[in-house]
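Chemist: Chain order of the listed sequences is Y and P. Per full-length UniProt numbering, the very first residue in the first sequence carries number 1; after that it's consecutive. Per full-length UniProt numbering, the very first residue in the second sequence carries number 1; after that it's consecutive.
Careful, some of the hints might be misleading.
What the hints assert, rightly or not - Dumping the calculated DSS-like pairs for lysine-lysine here, alpha-carbon to alpha-carbon at most 30 Å:
hint, chain 1, residue 1, chain 2, residue 2
1, P, Lys-273, P, Lys-113
2, Y, Lys-419, Y, Lys-272
3, P, Lys-129, Y, Lys-333
4, P, Lys-143, Y, Lys-333
5, Y, Lys-336, P, Lys-134
6, P, Lys-285, Y, Lys-333
7, P, Lys-285, Y, Lys-272
8, Y, Lys-272, P, Lys-366
9, Y, Lys-4, Y, Lys-162
10, Y, Lys-272, P, Lys-273
11, Y, Lys-333, P, Lys-233
12, Y, Lys-272, P, Lys-22
13, P, Lys-17, P, Lys-129
14, P, Lys-71, P, Lys-143
15, P, Lys-273, Y, Lys-333
16, P, Lys-289, Y, Lys-336
17, Y, Lys-242, Y, Lys-162
18, Y, Lys-3, P, Lys-285
19, Y, Lys-3, P, Lys-179
20, P, Lys-17, P, Lys-134
21, Y, Lys-336, P, Lys-285
22, Y, Lys-342, P, Lys-289
23, Y, Lys-272, P, Lys-71
24, P, Lys-21, Y, Lys-336
25, Y, Lys-132, P, Lys-113
26, P, Lys-113, Y, Lys-336
27, P, Lys-71, Y, Lys-4
Stated by the list, open to error - Far from chain P, by Cβ distances over 12 Å, these chain Y residues were calculated:
hint, residue
28, Asn-81
29, Glu-98
30, Tyr-267
31, Glu-288
32, Gly-375
33, Tyr-406
34, Pro-407
Claimed, not checked - Using C-beta positions, here's what the derived DEER-type ranges look like:
hint, chain 1, residue 1, chain 2, residue 2, range
35, Y, Gln-248, P, Arg-2, 57 to 63 Å
36, Y, Gly-146, P, Lys-285, 40 to 46 Å
37, P, Glu-152, Y, Val-359, 51 to 57 Å
38, Y, Glu-256, P, Lys-285, 15 to 21 Å
39, P, Lys-366, Y, Gly-320, 41 to 47 Å
40, Y, Arg-80, P, Arg-172, 51 to 57 Å
These are calculated hints, taken from the structure and not from any lab test. Positions of the beta carbon are idealized from the N, C-alpha and C atoms, including for glycine.
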Amino acid sequence: MAKKEMIAMLLAGGQGSRLGVLTADVAKPAVAFGGKYRIIDFPLSNCINSGIDTVGVLTQYQPLRLNTHIGIGIPWDLDRNVGGVTVLPPYEKSQNSEWYTGTANAIFQNLTYMETYNPDYVLILSGDHIYKMDYEVMLDYHKESGADVTLATMSVPIEEAKRFGIVITDEDGRITDFQEKPEEPKSNLASMGIYIFSWEVLKDALIKNQDIKGCDFGKHIIPYCHEGGSPIYAYEYSGYWKDVGTLQSYWEANMELVDLVPEFNLYEEFWKIYTNSDIIPPQYIAAEAVTVESIIGNGCSIYGEIYNSVIGSGVSVEEGTVIRDSIIMKDVKIGKGCHIEKGIIAEGVTIGDHVTIGVGAEVPNGLRPDIYGFGLVTIGENSVIPDNVQIGKNTAISGETELEDYPNNMLNSGETLIKVGVDA
Amino acid sequence: MRAIGIILAGGNNHKIKELTKKRATAAMPIAGSYRAIDFSLSNMSNSSIQKVAVLTQFNTRSLNEHLNSSKWWDFGRKHGGLFVFTPTITMDNGYWYRGTADAIYQNLDFLKKSHEPYVVIASGDVIYKMDFNKILEYHIAKKADITVAYKELGPEEDATRFGVIAMDDSKRIVDFQEKPMVATSANVSTGIYVIRRRQLIDLIEHSAEEGRYDFVTDILVRYKNLKRIYGYKIDGYWSNISTVDAYYQTNMDFLKRDVRKYFFQEHPDIHSKVSDNPPAKYNPKANVKNSLIASGCIINGNVENSVLFKKVFVGNNCIVKNSIILNDVYLGDNIYIENCIVESKGTIRANTRYVGENGIRVVNEKNERYAL
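In isolation and in its complexed conformation, chain P is listed as follows (with noise of 0.2 Å):
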């Protein structure tokens, strides 16, 4: 591969600020068994980039966690690996990263030091599979200077979370709003780029020395009518999982037979951290439905329409419904949830309730299991 690859996973967003309160959004629970960026740095290792930087600064204790051996998505190479980089000061800089171009410009050093002509740019908290391969031939052949990976929201997705672009009859790209008040069209851009390393090197560097920190605005919006900015279709399943919402209906999307095929069963596979849990144990009276149960779990009660992380307990004549529970959470006996993200490690006293009567309900409760 004549790539290497940036995962930008540096931010917090308010919108899943109760939810990022225990980690980065990069680190969120995806689908039962995988971290959210699991998705990102398997694309890459399935697509053969064997040299990968993770940005990040935000709440990095639990994705420092995951990402602390590299392993387990084949990046334990002696050539390239795996890269985590938070803020460090030195001589000349004693800033946190003040944008996504200043993360990559606080690098700019292991851009510099790589061979690879092209760098894959991907963001961590995007659920979705991809070969780079591709994005790369399309950029090469299109003669791009950036080539941005945007996908078509269908009707009812709100396409003003992100970053809206307008492409002429070729793909290129002449108009680039982000975040913008109206969208003007579906296609909305991914997080997902492509560019040569040399020519990000310039830019970024650019960038810094007018006080510019920000990729989105700073690089693809005010160089949009400069440089050749490409679109490239992704056709698969793509959703960001930015909002508290949009995290709750990635996680249930899992409970649908084909989005289920596509990421657990189609090749390539999606690679994590592997935990030592024992098999799912059912008891007597365990009644799931529609549910996906992750390793670990014992299930004494009733479990309907939700997903649940790993080694979580339910107790004896507990309802959980349309909910998801998130690892090593602990349910007492006689408990109802339904509509709610309950926040891992948390313990659930027996005999409660805990409804979301108006959209999805986060659910934050203390460990009272261990007594330190």
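With the rest of the complex left out, here is chain Y (with noise of 0.2 Å):
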């Protein structure tokens, strides 16, 4: 019989849609983050180098990109002949067939898959921040806590507590209140939708509430625990935790990684972070190069200047490009002359010759202000621009776009053009 102390349910099923036309066609822990890794590749780093061996991904919303990074699990050490990571997506039942409808709904639908590994204790993750975390010390300390239940909590600062989930504890770090996104907040720490149970309070949790629709961990299952008495503690978490599930604080998160020192450290030999690389060449940086305060992923080749960005793998830049401010995933390709500024250039685009990319006022984005905004373009996957064009700031394009779709050469800042192309 297989027995773990400690299993993990990484929620990947949701879209992200705050990041607009990146998350398209790929689910949020499927885009690319830092030049070489996924979104996804840090709490299934967190997972293994806290001593954690089994690993459910649960997958809804797009999944084929998830699927092929996550293979058998060989990057993170997670092929394993007992547990490893297993890809859980929704699936056809008897009776009572359904999506996942919420994030408790989910795991009470892979029930059966936890309890093949007879765990002591489950812990809930979100594949959509970018943190190092040591699981084994949240647990430690939901032993010691005698706790049913431990959320992973961080202090923010309060004028900031409104956006988050607030949780107010006593002296001992028990919960006693909880506070929803809260107009006026009774503390400053937050929830990070990271949670410990105790096996049997799970799943007694999950099958009394198994009928609610959209069942969910913040809104059901931990005021049910609360509710019914369970002990639930506050674990205080002090390290670097960024969300970035908006353009503006994705693009954010990216640029502190080219500070001199990051806060976020990739370069330190303790606690790596592992992804699936299938880009093996160096880079190639060409004489009349230049490469200033960037980070550059494996097999890119550049001949133009990159300032203050960060660039993915397998990216070729031709002469007389100019790059700034700007995230450029892998594969992408970029002819000569462009000049790019703020981009958030997504994985397998082709610029044409001479495109102007982040010219003009900044305009709110006609269709979507509160996606596109903060003088980012933002360009989705396999999208092509044709040659010299110009391209405003706050716009967002996907699709194959041609010469025609750019009145008189410009797509101005503030204007959105997604053109659907012939489905294969």
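Take the two lone chains and join them into the complex the hints point to.
Modeler: Set out below in structure tokens:
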């Protein structure tokens, strides 16, 4: 009989719609980060570095990239005879087949998977944060405090507390009350969406609440446990933790990596972050190239000038092109004489010659000002940008665009150009 | 694929001695991200050869570390896979490998227990790309006993480092001279052979009975008129790294666009053990020109016409020119390096100068970073 002290369940089914065209075809946990990684690499690496070798990854929205990336878990040493990584999509049942309708519902639908390992504890994670955390220390805290449920929390500036789920604790760290995105927060301790449950408590709560539509940990399961008198404790985490749920925070988190000594340091030997990288060759920096304050991935050929940017693997930048303050993901091809500023350019994009990106005045985006802001230009996966066009700020582009799509060779600031391609 | 593979990776060559203090030639780092043996291994894997033996005995720690998992070359198979054979003491034999033929002889069971009709023999210190299916087809069409892949060297290249062959019009090899004083032809053996498995077993057993241990002199040269030995021309890039100059030049070749395209972009890929390094990082004063930079490097100074392997740190105001810096080297501030090969894991102290005056200088410094 298999037995694991603690297993992890990683919720990776969400779209992350606030990342706009970046998540049009991939789930948010599969979005590239830091030149070489994908967001899910951080929780997965944290698991193996914390000694957790059994991880269920729950997928639903556009799972192909995630499935390919995870494979059998080799990069994280999660290819195990017993345990390892298992991708768990929703599946048809003899009765009551449904999609994952909520975070807790998704876990409930995989009770059998969890029971296979007879865990004492279950760690619930989400695949959309950048951080390094030792879950084993959190488990020790869970055991010492005698908690049924432990929430990882961190102090946030009190003025930002209203964006988070806030917990109020007594002097022992036991949670006495919750506030969800409160107008008047009573504390600045925010929940990070990371939970450790004692197995029986989780199982009971999931079964009792199984009929709730869209059953959610924050809204239903934790309050249920709290009301039933289960001891719930707050584990205070104090390291780097970054939500990359919006284009602005995603861009900022990437840009922080190029600092001289970044707060989130990928170069430390301790607590390595692992990823599935299929591009092995080194990068070539040409005689006429400039590469300053940037990180650049394997297999790139750089003939242009790169300043303060994050460049993924297999990118080619031709001569005369200048790139500033941008994120360029894997396998992007950029032609000659381009000028790119504050661009987020997703995987496999092809940009022609003499294209200017990020020009003109800042005009709020006409379609989704809440998503496309901050002066960024966001270009979705596998898009094509023709030669000689100019693209303004707060814009989004997706699809194989042609010169006709740009009146006067121009996409003005604040405009959105989404071309629905022919689905293969 | 109807062949098994044998990679001869045993050798140490005195001409590259200073660099092989740390590792066998087959484990020499190449082009920023690879080891020499990756090329033969990947060619075999890409040609659908399912079962490969690596024969090695000299300084194998680094090579074994590189080959510690066969999955990177897709050799993690239930049937076949990767076998690393070092000499072992048995009831009948207590010798090291006394030559390439002896190395095969000592592992003859590997050949005898295989069922594939052919064997591809390659060497671990050669940088090339090759589809072994094509040479096998050629071998069968020629009804050859042995097929030797050869390369026509350019006029400025020195053929006397290699086995020089002469062929008749049908490409049958009529003369084979190993490392001759004067080369009579520009065609040299590449150390890549195809031979029928039964034939190889016979030849190796005969040689062993006669106390002959070298594959080239005791089989190819000795049997050249008796057996049908044919030449098969390699047209693509091919380089042997058995001297310091050749090793340096091979790495520098990767600064050429066509060589990079051939190895890095054109199908099929060369595989290697994957390392978990972050992307290379360029700090505000970094100034890199015409260079290859591998993952995990952090660059603060100037780098020109050079190849930097994984995890090299370049300090402030450094100047690195026409040099090869092997993996995990730390360069302190204000260092000047020109025409050098800097050995892996070395720590180069700040304010020092290393210049290869007449040719390439090999710099071998201690690692002073980790206190034990």
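Chemist: Which numbered hints turn out to be false for this structure?
Modeler: Going through the list in order, the structure violates hints 2, 4, 5, 9, 11, 14, 18, 19, 20, 24, 25, 26, 30, 31, 36 and respects the others.
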